[in-house]
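Asks: Here is how the chains run, residue by residue.
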Amino acid sequence: MTTFVTVSLKLLEGFGTTFLIFLITLLLAIPLGLPIALCSMSRFKPLRWLSRAFVWAIRGTPLMLQVIIVFYGPDLIGMPTSLSRMNAVVVAFVINYAAYFSEIYRGGIESVPKGQSEAGQVLGLRKDQIFFRIILPQVIKRIIPPMSNEIITLVKDTSLARIIAVRELIMEASTFIKTQALLWPLFYSGAFYLIFCGLLTILFNRLEKKLDYIKV
Amino acid sequence: MQNILEVQNLAKCFGSAEVLNDISFSLTQGEVVSIIGSSGSGKTTLLRCLNFLEQPDAGKIIVNGETLFDAQDPSTKLEKNLRHKRLHFGLVFQSFHLFPQYTAKRNITLAMELHAKERPDYRAEKKNILAELSVRADALLAEVGLSDKAGLYPYQLSGGQQQRVAIARALALNPEILCFDEPTSALDPELSAEVLGTIRRLAEIGRTMILVTHEMSFARQVSSRVLFMADGRIHEQGTPEEIFGAPKTPRLQSFLQNS
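So the protein sequences, as listed, match chains L and X. Just so we're aligned: the first sequence equals residues 4 to 219 in my numbering. Just so we're aligned: the second sequence equals residues 73 to 331 in my numbering.
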């Protein structure tokens, strides 16, 4: 019983780190995805290509590799200050998820009928007013299902942080294999992910219901 | 009487397709001009040019003596002036394009409010201004006979009701010229009737309007003038009696026979 409590407390500690990575990534990547999406749709070709090349590179390589590059990369090219482990993870995650979110946003924005922005135009509205007042609310409604999908993936992707020894949930759980020859804490850690993702699912379903009044 | 609108030699191509070719006409205050013609004759493109959703390749658009667009004069094409020019015109779309996230009333007040925010006295007078706009929106809803639907979202309204909200939305900014792009083409006959009724009332109170339509009998009743378009040109024009009663060209005669 005492082992169970010890393990639980340790895993909870690991989950704290997991949750922190999750939260900071979301808070930064959700807004950052928007300018990337807008650049990807820009009428100015070089900007569009740059943005799309960026998204291609980020989506085309493993997140694990990106974490390693962000952490060890600066040292390799002789840059003086390298990031702390946790910061490196957050930077890599934010960049990676912003790229994925930007594609979801782009799909969402492009799926709003052109007539909506034309209706705004003939009412003499500015471009920014049309975007924020007319287009964006409809985009939010449309992208909730793909965003929930991506966000739930993020919960489990946090386990990649252990590649540079950030003590997140899986890492804490697997320490017990070495120190006490216990495998079950690793299985137990699955329950943490499961419950957390369950809560998120409920949250997203509520959000979806709340926006039900927008029929697009 | 001075012309409220003067369109001179307007032309527009999409690639190699000439959609508008040497279009000239004018409109006086309170006139209702209907534009008829088969699909692809350029009617919609003409309205889109007037509302600055498309840029003509040649010609001039003059409203109340002010040249809003002149293909020869680059200073009339500046993007930053576009939105103010658009306010001379209102446009009611074939498929309504109401904003689905807003109630009927909010659809009407949104643009009014955003424009009011640019007034220098907005901060100080916010409450009064918003109250005024709300009253105005209620009056517009009453005008299109939808006072009881103010709080409903577009999906809760029938097509005819949606189109009437769209008309009220276009009227909210008090445009000098109200354009309709086949406002009843997406509606069944019963719902069309209520929308046409609304347009008829606007004609009776002297709104200046341009009406692109396939409803020939309606065009005949409400219009002061009718333009018949074919192949991007104004093929024939005249009073409703002339156009529908005594069409001159074979093209118009066959168009009227088939519609």
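Source of the hints: derived by calculation from the structure; they are not laboratory data. Positions of the beta carbon are idealized from the N, C-alpha and C atoms, including for glycine. Among the hints, erroneous ones may be present.
Stated by the list, open to error - Label-pair ranges, simulated between beta-carbon atoms:
no., chain 1, residue 1, chain 2, residue 2, range
1, X, Ala196, L, Pro34, 47 to 57 Å
2, L, Pro65, X, Thr148, 48 to 58 Å
3, X, Asp193, L, Leu26, 39 to 49 Å
4, X, Thr148, L, Asp131, 21 to 31 Å
Asks: Now tell me, hint by hint, if it's right for this structure.
Replies: Now the hints, each set against the structure:
{"no.": "1", "hint": "X/Ala196 with L/Pro34: 47 to 57 Å", "result": "33 Å, violated"}
{"no.": "2", "hint": "L/Pro65 with X/Thr148: 48 to 58 Å", "result": "54 Å, holds"}
{"no.": "3", "hint": "X/Asp193 with L/Leu26: 39 to 49 Å", "result": "43 Å, holds"}
{"no.": "4", "hint": "X/Thr148 with L/Asp131: 21 to 31 Å", "result": "24 Å, holds"}
The structure is inconsistent with hint 1 alone, although it conforms to all the rest.
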